[in-house]
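Top line first, the protein sequences correspond to chains L and G.
FYI, in full-length UniProt numbering the residues of the first sequence are 1 to 309.
FYI, in full-length UniProt numbering the residues of the second sequence are 1 to 292.
Treat the hints as calculated values from the structure; they're not laboratory data.
Each statement offered as a hint is correct.
Where chain L lies over chain G, by a calculated footprint (3+ residues, C-beta under 8 Å):
#, segment
1, 23-35
2, 39-47
3, 132-145
4, 215-225
5, 252-261
6, 268-279
Even for Gly, the Cβ is constructed at its ideal location relative to N, Cα and C.
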Amino acid sequence: MKSTRELIQEKQSNKNIGSIMEKVIPIVLLMTAIISVLTTIGIVITLLVETVTFFQRVSIVEFFTSTEWYPFYEADPSYGVLSLIAGTLLITAIAMVVAIPIGLGAALYLSEYATEKVRRRVKPILEVLAGIPTIVYGFFALTFVTPLIKNLFLSDLSIFNALSGGIVVGIMIIPMVASLSEDAMRAVPNHIREGAFAMGATRLEVALKVVLPGALSGVVASFVLAISRAIGETMIVAVAAGSTPKFTADPTESIQTMTAYIVQVSLGDAGYGSTIYYSIYAVGMTLFVFTLLMNLLSQYISRKFREEY
Amino acid sequence: MSSIDKQLIQRKMGKRTFQNKLLKAIFFMCIIFSILVLGALIIRVVSQGITHLDWNFLTSFASRFPEEAGFKAAVVGSLWLMVIVAPVSVFLGVGTAIYLEEYAKDNRFTRFIQMNISNLAGVPSVVFGLLGLTFFVRLMEMGRSIMAGGLTLSLLILPIIVVAAQEAIRSVPNDQYEASFAMGASKWQTIRRIVLPSAIPGILTGSILALSRAIGETAPLLMIGALTFIAYLPENVWDGFTVMPIQIFNWTGRPQEEFHFVAASGIMILLFLLIIMNSVAIYIRNKFSKRY
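Turn these sequences into a full structure, and let the hints steer you where they fit.
The following block contains the structure:
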């Protein structure tokens with residue numbers, strides 16, 4: 001049998017361990033939180049340092065104004081990022097033509113027309129679509145969509161082309177647009193809809209003239225985020241859109257995006273320290289700035305123009 | 001005499017109700033389109049992949065000949081990668097979430113961390129690959145190893161886990177905290193014994209979904225130089241490796257059509273694994289999540 005004194009002492013020593021834990025744990029947790037900040041700093045520093053090295057060898061003016069991108073042409077390599085940017089924007093534009101109307105339509109249906117039962121069935125399907133790895137979409141674009149378009153519509157389509165790459169990037173983004181837009185629409189309170197119904201509006205009029213304007217900030221933010229995703233998408237375009245940088249707006253041709261170029265170099269044997277090696281950081285920096293601006297814009301839109309209910 | 005002229009209303013409403021029906025059908029087609037695409041994708045992959053899918057495919061290494069090509073090194077490589085990614089990303093993610101939800105004061109620094117995390121979620125995965133290549137492979141001299149790839153992917157999926165864990169922690173109701181504090185429990189005791197147990201289903205679901213994203217990720221691992229052709233199994237985390245998506249990428253990129261069939265078989269294995277992981281996540285979410 002322990003005496004009271006012993007019991008108190010035991011408690012005391014337990015308490016000491018406990019109070020040390022109380023002080024140590026927050027510090028450990030803070031350090032884990034700081035890792036995410038360090039990651040961002042790491043990305044920025046990495047890109048900056050290697051990009052500066054690149055611009056010591058290649059003129060920054062040439063990089064941003066020339067439309068010729070022939071880094072592998074050894075006698076006279078030229079680095080004009082505009083043709084990679086053109087390829088990226090072409091893919092993005094095609095993807096948006098697919099993703100925005102279909103995503104928005106799906107969101108309107110799910111939010112305004114669908115019964116609870118349909119919603120419960122459809123949402124998991126969209127989640128599955130969103131969870132498919134991009135390499136699988138790339139395979140689908142190259143071996144299914146391209147032959148399909150070639151056989152049905154455009155017989156002179158090249159094997160690698162911006163069109164099917166862009167379409168499949170768009171398909172990949174549909175779930176994101178649909179689910180973010182639908183969230184925004186469902187945040188519009190029901191009494192506003194009922195007010196409109198009471199005035200004799202049809203469901204369509206409620207959806208387009210009441211719900212959509214009310215949810216506009218969230219919907220537009222989801223579009224901008226979708227653009228950012230399309231710009232950063234890598235494997236689909238690396239597999240299906242080709243590797244011939246071209247300053248063109250013709251979707252039937254083979255092009256190259258910024259991301260696909262980075263992948264192409266990392267597959268090849270460009271040695272550490274070569275100009276080609278540094279060029280992927282300059283391209284990566286351009287890509288990073290593009291997507292960061294889009295993400296910030298999306299956050300700004302959803303914060304500034306939100307309707308408070 | 002009725003005060004409501006039904007015919008008049010019908011005439012005036014006709015166009016509007018027709019528009020409503022038409023657009024409803026069009027919106028519905030958008031959903032049908034998504035389902036059709038998913039169906040086409042699955043049918044395509046299965047019809048091409050089934051021809052090559054057998055036990056040999058799982059137990060042999062990659063080969064120059066399509067009929068001999070196997071998936072073994074890639075499957076094992078993906079599992080090895082998870083050995084690094086799962087503990088690192090879950091520890092960092094949950095730690096960050098607990099800090100932000102329980103300890104952080106509402107000041108500029110906290111808002112900065114929060115904004116930083118949502119921006120990290122939008123950084124393209126190739127850019128994470130560039131970070132991994134410079135920092136882990138070259139600066140820390142890890143080489144093109146499982147360790148370097150695993151740490152890169154951990155950082156990539158970190159934001160997903162943080163957000164999921166934050167939501168799970170936030171959904172624990174306040175009276176539970178107060179009851180625990182009233183019993184004399186300290187802050188950490190409350191977090192460890194009250195908050196975490198009720199938040200665990202949400203955290204697990206989010207983590208599994210994030211890990212399934214990591215398994216399907218190709219670009220960052222290509223950047224850090226995961227190999228596409230290896231004929232041995234990695235023995236520890238410092239070995240070179242390949243993973244399923246990279247092997248599929250390699251096969252897809254070859255001109256011979258036979259290799260496309262091999263790629264389809266690989267995709268079947270990859271999708272099968274992802275379906276299992278997602279089902280587990282959904283099961284946990286439905287089974288264990290408490291409603292307060």
